[in-house]
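Trainee: Sequence:
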Amino acid sequence: MMRRPRILALANQKGGVGKTTTAINLGTALAATGEKVLVVDLDPQGNASTGFGIDQKNRNLSTFDVLMLSATLEEAAVKTSVPRLDVAPSTLDLLGIEMRISKSEDRVFRLRKAIQGLTERSIQSRNDDQAEDGAYTYILVDCPPSFNLLTVNALAASDAILVPLQCEFFALEGLSQLLKTVEEVKRTLNPNLSIHGVVLTMYDQRNNLSTQVVDDVRSFMGDKVYETIIPRNVRVSEAPSYGKPVLLYDVNCSGSQAYVRLATEVIKRERALRAA
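Going by this note's numbering, the residue at position 63 of the sequence shown is 63; the numbering climbs one at a time, nothing skipped.
No wet-lab data here; the hints were simulated from the structure.
These figures come from a predicted structure and were not determined experimentally.
All C-beta atoms in this analysis are idealised placements derived from N, C-alpha and C, irrespective of residue type, glycine included.
Where hints are given, some of them may not hold.
Under the rule of at most 20 Å between Cα atoms (straight-line distance), these lysine-lysine pairs were calculated in the PhoX-like manner [to be verified]: (1) K57 / K244; (2) K79 / K36; (3) K79 / K57.
Restraint ranges, calculated between C-beta atoms of paired labels, are given here [what the hints assert, rightly or not]: (4) G117 / L189: 14 to 24 Å; (5) P191 / A275: 19 to 29 Å; (6) R218 / V251: 25 to 35 Å; (7) L69 / R4: 17 to 27 Å; (8) V234 / T33: 34 to 44 Å; (9) L69 / G222: 34 to 44 Å; (10) T33 / E238: 19 to 29 Å; (11) R121 / T211: 45 to 55 Å; (12) N60 / K113: 27 to 37 Å; (13) R121 / V234: 12 to 22 Å; (14) A275 / M68: 36 to 46 Å; (15) L95 / K180: 24 to 34 Å; (16) N208 / Q177: 23 to 33 Å; (17) N208 / L69: 49 to 59 Å.
Throw the hints in and build the complete structure from the sequences for me.
Mentor: Here it is in structure tokens:
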């Protein structure tokens with residue numbers, strides 16, 4: 001039986017925390033384990049799209065068109081060099097989406113409706129094994145680094161939120177603000193939204209502050225923090241300039257191996273949730 005895709009929003013109101021890098025490389029690692037993944041790029045900067053090598057000229061349809069109801073997610077999705085992974089790319093048009101749909105009654109549920117439509121069409125077309133194999137099992141939504149209509153759409157559509165958190169001094173302060181935002185979305189728009197986990201990024205073992213931040217976040221969030229920590233790694237930083245996830249750029253580097261471990265943790269948590 002085809003299972004509904006799990007929808008995870010990668011969000012943090014603070015920029016520069018490794019959110020898009022995590023969307024790219026966690027998605028790649030999940031696909032490498034056999035999952036079928038769709039990365040939905042909701043950031044007008046389009047860095048997730050660029051990180052998969054999707055050139056601007058190949059973004060004929062984008063998440064802007066999806067939110068404007070002029071295209072489906074299937075129509076916007078572009079295949080990548082990663083087997084079993086597609087991207088619904090973004091363009092700078094997204095900067096104007098708030099002005100375009102702000103007066104619509106369904107403005108915060110546009111992405112939810114698009115994903116529901118995708119899932120329903122996948123089920124309807126399930127008349128052979130090939131169709132079922134083609135259904136997405138994970139949808140990762142890369143959010144902009146702000147709390148705006150795009151982020152609200154992502155949180156309203158998602159089962160859970162995955163929070164990348166940089167190992168820096170103000171990490172806990174930003175996390176507290178994000179948790180308040182999640183509670184507000186749960187109360188008003190999506191009562192089933194949960195925190196899937198917090199992933200600590202840009203960890204520098206030579207820096208005592210990084211270690212202190214890890215301890216503080218684990219003390220504050222407990223087992224919601226993934227065991228896997230993403231190290232600060234030059235190869236991870238280089239990979240986007242080649243339009244590749246780091247797992248394709250250098251599979252043996254410490255960053256690649258960390259994202260493989262993170263994907264394993266995510267899948268393990270998902271299995272535990274389904275068994276509960």
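Trainee: Now look at each hint and say whether the structure bears it out.
Mentor: A quick look at each hint next to the structure:
Taking the CA atoms of K57 and K244, the gap is near 17 Å; set against the 20 Å cutoff, the hint holds. Of the supplied pair hints, the one linking K79 and K36 holds, its CA atoms being roughly 12 Å apart against a limit of 20 Å. With a C-alpha separation of about 14 Å, the suggested pair K79 and K57 falls inside the 20 Å cut-off, and the hint holds. Against the hinted window of 14 to 24 Å, the Cβ-Cβ separation of G117 and L189 comes to about 19 Å, which satisfies the hint.
About 22 Å separates the C-beta atoms of P191 and A275, a value consistent with the hinted range of 19 to 29 Å. The beta-carbon spacing between R218 and V251, approximately 29 Å, falls within the hinted interval of 25 to 35 Å. The hinted range of 17 to 27 Å is satisfied by L69 and R4, whose Cβ atoms lie roughly 22 Å apart. Evaluation of the 34 to 44 Å hint for V234 and T33 yields a failure: the beta carbon distance comes to about 25 Å.
Between L69 and G222 the beta carbon distance is about 41 Å. The supplied range of 34 to 44 Å therefore holds. The hinted range of 19 to 29 Å is satisfied by T33 and E238, whose Cβ atoms lie roughly 24 Å apart. Look at R121 against T211: about 48 Å separates their beta carbons, and that is inside 45 to 55 Å. The beta-carbon spacing between N60 and K113, approximately 22 Å, falls outside the hinted interval of 27 to 37 Å.
Here the CB-CB span from R121 to V234 is close to 42 Å, at odds with the stated 12 to 22 Å. Against the hinted window of 36 to 46 Å, the Cβ-Cβ separation of A275 and M68 comes to about 39 Å, which satisfies the hint. Taking the beta carbon of each, L95 and K180 are about 26 Å apart, inside 24 to 34 Å as hinted. Checking the proposed 23 to 33 Å range against N208 and Q177 shows it holds: the Cβ atoms sit about 25 Å from each other.
In this structure the hint that N208 and L69 lie 49 to 59 Å apart at CB holds, the actual value being about 51 Å.
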